[in-house]
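Below are the chains, spelled out letter by letter.
There are 2 protein chains.
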Amino acid sequence: MDPLRLENQLCFPLYAAARSMVKLYTPFLNEIGLTYTQYITMMVMWEKKSVGVKALGESLYLDSGTLTPLLKKLEQNGLVSRHRSKEDERNLIVEITEKGDSLRQRALKVPEQMRKCVTLSTEDAVALYKLLNKMLDQLKN
Amino acid sequence: MDPLRLENQLCFPLYAAARSMVKLYTPFLNEIGLTYTQYITMMVMWEKKSVGVKALGESLYLDSGTLTPLLKKLEQNGLVSRHRSKEDERNLIVEITEKGDSLRQRALKVPEQMRKCVTLSTEDAVALYKLLNKMLDQLKN
DNA sequence: TAAAATTGAATTGTAGGAAATTTATTTTTT
DNA sequence: AAAAAATAAATTTCCTACAATTCAATTTTA
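Chain order of the listed sequences is A and B.
Just so you know, we're using our numbering here: the first sequence kicks off at -18 and counts up by one.
Just so you know, we're using our numbering here: the second sequence kicks off at -18 and counts up by one.
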């Protein structure tokens, strides 16, 4: 059992599957003009409507180095607006726009199209979901 | 069951866990002067000793756009050498160097240190490994 | 209250990754 | 054999990610 063989790693299929998954999303997301990271950001926006960059980062496990340019791009595209909090000027508040909200309808097709591609059984999908979250819990510090 | 809620996605914990895993590797890999992608590349090199860029890309699910600069960096650091195949000048052959080979001993500490951080049970780890590979099989086209 | 510490976002620098195009080489077709 | 097609790596462009630093605003402390 060679500990440095690619086949003996848990990390490698995790890394490779994550990239393949994003790649599979890409053509569907292109149709609504989003990248994968923008898509999961919009998921939070569709739910919360208004959120600070810090809280957004905690939801997505991303920091301002990734989010700042991404949110500027979403703002350019008219999907969100950005402004400083009145109470504490350090906090930048991201708010969804009318246009961002209306994109949700078209985005509903994305998980639908993805389901057709990933044909894991429900049991497998649930098991995988639980194991990934268990692992994430251990790793996330 | 909102299909656009972050919590209802299988993709998100996959994406987040993969990034957290790489982040956890980083300090251990820093000690031997490798990034995560360089590390999995060296795993193939330690095993194969000599391999074409195309075959390397198929092993790692990476293309020349990612591998070319990465291999140049490994070459700069003296871990591999690169030269065109005599039989077919289109193929670039990557060969491990003495220095690259000797790095393997120090690299053995990495999976050892990682095991201490990821405390999934053996059953969970095996189940996760199998499910990820099953998913990867479906996605990899 | 003035100075020091903390906080939050932005910035900088480095390294992926992916898609699309380019360049060089080889193979296949006429 | 010359032209066309195919192949492999490199390059280009764009978008993440992360670490480390900077900058501004707010709290805490002396």
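Be careful, since some hints might not be right.
Treat identical chains as interchangeable: a pair holds within one or across any two.
The list that follows gives simulated cross-link-like pairs (lysine to aspartate or glutamate, EDC-like), each with its CA atoms no further than 16 Å apart [unchecked claim]:
hint, residue 1, residue 2
1, 29, 69
2, 35, 70
3, 29, 82
4, 67, 82
5, 97, 76
6, 115, 44
7, 30, 56
8, 115, 28
9, 4, -12
10, 53, 104
Hints in this document: simulated from the structure, not taken from any laboratory.
Just so we're clear, the structure is a prediction, and the values are computed from it rather than from any experiment.
**OP:** Please name the hints from earlier in the document that this structure breaks, with their numbers sorted from lowest to highest.
**Re:** Of the numbered hints, 1, 4, 5, 6, 8, 9 and 10 do not hold.
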